[in-house]
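Engineer: Chains as they are written, first to last, in the numbering used here: chain H, 234 to 795; chain P, 788 to 1365.
The hints are simulated quantities; they were obtained by calculation from the structure and are not laboratory data. You may find that some hints are simply not true.
Some but not every residue of chain P turned toward chain H, in silico, with C-beta under 7 Å [said to hold, decoys possible]:
no. : residue
1   : ALA814
2   : ILE830
3   : HIS1207
4   : THR1239
Predicted model only: the values in this text are computed from it and were never measured. The beta carbon of each residue, even a glycine, is placed where N, CA and C say it ideally should be.
This is what each chain is made of:
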Amino acid sequence: MRLYLGATVLIGLLVAVVTVAQMAFLSKIVDRVFLKAGGGEQAVTLLLMLAGTAVLRAGLLWVRETTAQQGAVRVKNDLRERLFAHVLRLGPAYANSERPGELTTTLTEGVERLDPYFARYLPQVLLSAVVPLLVVAYILPRDAASAVLLVVTAPVIPVMMVLVGSYAEEHTRRQWLALSRMGAHFLGALQGLPTLKAFGRVAAEEEKVERVSGEFRERTLKVLRYAFLSGLVLEFMTAAAIALVAVVLGVRLINGAISFQDAFLVLLLTPEFYRPLRDLGIHRHAGMEGKASAERIFEILDTPVPPDGTVQENLSGELELSFSGVRFTYPGRDLPALDELSLTLPAGSRTALVGRSGSGKSTLVGLLLRFLDPDAGVISANGVPSGDLPAVAWREHVALVPQRPHLFYGNVLENIRLAKPDATRSEVERAAELAGAAEFIRRMPHGYDTQIGERGLRLSGGEAQRLAIARAFLKDAALLIMDEPTSSLDPESERLVRDALDRLTRDRTSLIVAHRLNTVSTADRIVVLHEGQVAETGTHAGLLERKGHYSLLADAYEDVPV
Amino acid sequence: MRVFLRLLGFMRPYWWRVLLGVLLGVATVASNVGLLATAAYVISAAAVVPFLAMLTVPVYLVRLLSVSRAVSRYAERLVSHDVTFRLLAELRTRFFIRLAPLAPARLLKYRSGDLLVRVVKDVEELQNVYLYSFSPVAVALSVCALATLVLFTFDPAIAFVALGFLTATGVGVPVLVRALSKGLGRRQLRLRAELDARIVDDVQGVQDILAFGREGGEQHEISTINTRLGLVQRRMALVTGLQNALSDLMMNLAMVAVLIVAIPLVAAGEMDGVFLAFIALVVLGSFEAVAPLGAAFQVLGRSVGAGERLFEISDSEPQVTDLPEPLSLPQDGTLALDRVSFRYDEDGSPALRDVSFVLRPGSRVAVVGPSGSGKSTLAGLILRFWDPDSGEVRLGGWDVRCYAQGDLRAMIGVVSQDTHVFNDTVRNNLLLADPEADDASLYRAIGEAHLTGLVEGLPGGLDGYVGEQGQRLSGGERQRLAVARALLKDAPVLVLDEATANLDTVTERELLGTIRELMRGRTTLQITHRLVEMETMDEILVLDEGQVVERGTHEELVRKDGQYRRMLAVQDGMLATA
Ligand SMILES: Nc1ncnc2c1ncn2[C@@H]1O[C@H](COP(=O)(O)OP(=O)(O)OP(=O)(O)O)[C@@H](O)[C@H]1O
Ligand SMILES: Nc1ncnc2c1ncn2[C@@H]1O[C@H](COP(=O)(O)OP(=O)(O)OP(=O)(O)O)[C@@H](O)[C@H]1O
Ligand SMILES: [Mg+2]
Ligand SMILES: [Mg+2]
């Protein structure tokens, strides 16, 4: 970036030099023709020189624009990729506490707004410091009085800009907020449209949209009004200086204190003196926009990622998993979601996790996958704290069916292959078969190539869930974790999945969260979670006998009169 | 072009402001030309006249023009931007209003990130149409005419040379630039939409990406789009640079050309040399009016592309429409499906075939059946998110197409399978169902949904935030929030689509009991694959591959030894094998 910035500024300086030369030629020509009644030979060479500078200037302008953009594109791409990587690293806990519409706006439009900042504003800051001096240096020997006049008036511009700017800066920040809020709002509204319609709230939403976009309009106009105001001042200064210089020069010409050629040149150079400052004023607005979004960008980049493990432990074979004294409290909540939880999943065993809604089952899963970090206690695999391993390496050992699986825009094949991008077609088909998904996939219009829509919206609830199961089966990891994998399945599909599980989990450690006790009853061991703590553990039969939490859950429907 | 004209058409209500903007624009450029040229004249004249007093008029003119230049420019910008942003805000709202009736049927093929880009950025993109195309052209035309007129009074040849260069810059450069940047703008729009869509999808699915270790892959995808976008932007910069350079070159060459014409005239004494500088600066100054046209035409393709993307959506016909004069709702709230068939895609298999049943007021009907058999589709048709291909859904004996959609939906409380919970407070999520509800009724609904414990534990209680898609709640809590919302609506018909799928058995049982109490005397349609409490249903429909294969009460169906009994056996059998 430095390189491009330097090059842009250098070319900018060259443009200024060429412009001064051009004006010098012009004033000379006019002088010759007008006063010396010259013409002929000398005028021809001068005209040629004038044309030459014009061509040179044009070429320089072209190069300047491309160089500036080149640099800006690099900065933007680099930042966007870093941002995206960082958001991924921060994980679901962060993504759920932010609004995806806002994050997306920052990643796309926010980064885009840096363009004018890097391509125009930054080079202009340097140019506006140097070019006016250059011009004045050229004028000084020709007409000291005008040079002094220019030097005296020039500082008014930066001072005005700072004054107006400090107000505008605040408004620019608010305008950026309004924009990202608008993004967040619209994404929520778009994805929730069916729900809004079902509740007859579309008209109210339309009003809200009107308000949100109205607010954005007002914020934008407010910012622009400041930008225009500083434009007015700059414009006025330039115009007034031209008028003043012209009159002063006129007086001195009449007194014979200056030659016409010099006077005309000074007049021509006066706008050139102010031009960089004026451009600075124009680009400053864009620069401030960039700054406002940069604040947000760096806020995201500065969100600390919890320290990642670095131990290169090779976990192979079956995994024994243990939680000891694990405690976790969600930010803002008073009560811990998990409290002093200790639990061992023996290697190769099948454990079922049950408990009332909200008892902390999914939280436990989140901790296991390292989406969350425990406040206290450790989770270890074969004696190695999972937190000591790099998260990516750790997750390679785990296959997950989340409680709310996300299906991506694309076709069936791509979605199952998420688990293993290089899986062959037959591997995918086998996984689908095991998940009880093969049949409905075959019946779809294009089989495995059928588009399933964003978030799997073109599938039924149970179909989407089976794709997520197929995904986990395809991954074939040492540890299989499923958070209510059959909540949307009919008994028959559920049985298929359970049979597959029976086969698949024979030689691997698994943890299945379930509310349906018929899913869990064949597990080696059932763990009952209650208010963030392990309340009971045992087998189906053993727990039923205990008449504790489990039997309450199991007997919920026993006494229904048939 | 049609799209462009259509976009311009939106300006009509603001025509007088637009006109004012154009006049101010002309004044801005004219003042500048006048200022520079008159100043040049002042010093030229000063070189030949003995007293400054002889130049009083031009000197005053210079001062006047310097003020009018600054003021008219300020005013022009205020007026034009005010109109433009007013228009954009209006277009955005209008677009959303057109979008709403399309959901969900017509919008499924779009990605939400793509729609987001359309609503936010594509609309924003249109400012180029309003700010940089119409009025700059008008200003350029007027200024060119004025400049030519002024130059004509000195010499026709000079005027024609200047006009030639102005035209070449104002028409030639834009045409060239358009040709060079053809397709780039549209490509940029497409890439930008793809980037947004992908980021939205990835942010919302970050859990699955991490769980399957796909960070690298997704980063690579983003990086690819990014690189392609960068390439387009660099190409654009190449054109922008060329266009700047060409305009600048033409401006300077125009001046040289005018001098070439003028010098012999002065030498021959046909023109007073005192005006030479004046003429040169008139030519230089008028280019301020034509120079922006190149830039405008370069982005015009993109703006028109953005317009097309907006019209593509706003011109779609909704799948479901209201009659011009819908019936008012009937007294009789009987819902009936009569031989309803439906398929989502032309080339897909039917989701429903010849389904008929009646939901009498006060009755409780369950719909069960394998996953994918069409249960949720049924709910979608009752709510008129889709209309059947054949057959009728009737309310009070009339096809539901005869009623206004809003009226129909007001009759139905629904907990859909993929309920959307908004990233807002518990309160605002509930108020969706009844904006006027007071705290007491909110708490009542929360209690009925067995959520009291959660709300008490939530920081801020009712005003606690539930997170994006309700992700700060547990799965079962989110579902109960949806139930509370449906209950708060207090509608005569309640449709529950797998409303207890994520609940533990105890909570489920309690909740179903409460709902049964609350809906006494009203209609409930319960879609489920959990064969519990089926004994309490007035009728059970068993759906398979879109057809009703069995119907009857629990007892009848158990006796029948059909699909229902098999489902029941599988469900219980799983327990038995334990
Ligand atoms: N992101 C979050 N921020 C704050 N609180 C949360 C968050 N996720 C869950 N909780 C709270 O933590 C508790 C445990 O939630 P968890 O999701 O672990 O429950 P669960 O046992 O999986 O329940 P369910 O069976 O309903 O899915 C709940 O009270 C829930 O409200
Ligand atoms: N928007 C859609 N576009 C195309 N096909 C769809 C769409 N929604 C559902 N389908 C298909 O229509 C069929 C019926 O789906 P529906 O959602 O009604 O099933 P369901 O009985 O509710 O299943 P589940 O118990 O799994 O929720 C399925 O085969 C599904 O793939
Ligand atoms: Mg859970
Ligand atoms: Mg369904």
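Engineer: Each of the hints needs a verdict: does it hold here or not?
Structural biologist: Outcome of the hint check:
no., hint, verdict
1, ALA814, "violated, 13 Å"
2, ILE830, "holds, 5 Å"
3, HIS1207, "holds, 4 Å"
4, THR1239, "violated, 12 Å"
Of the numbered hints listed earlier, those contradicted by the structure are 1 and 4.
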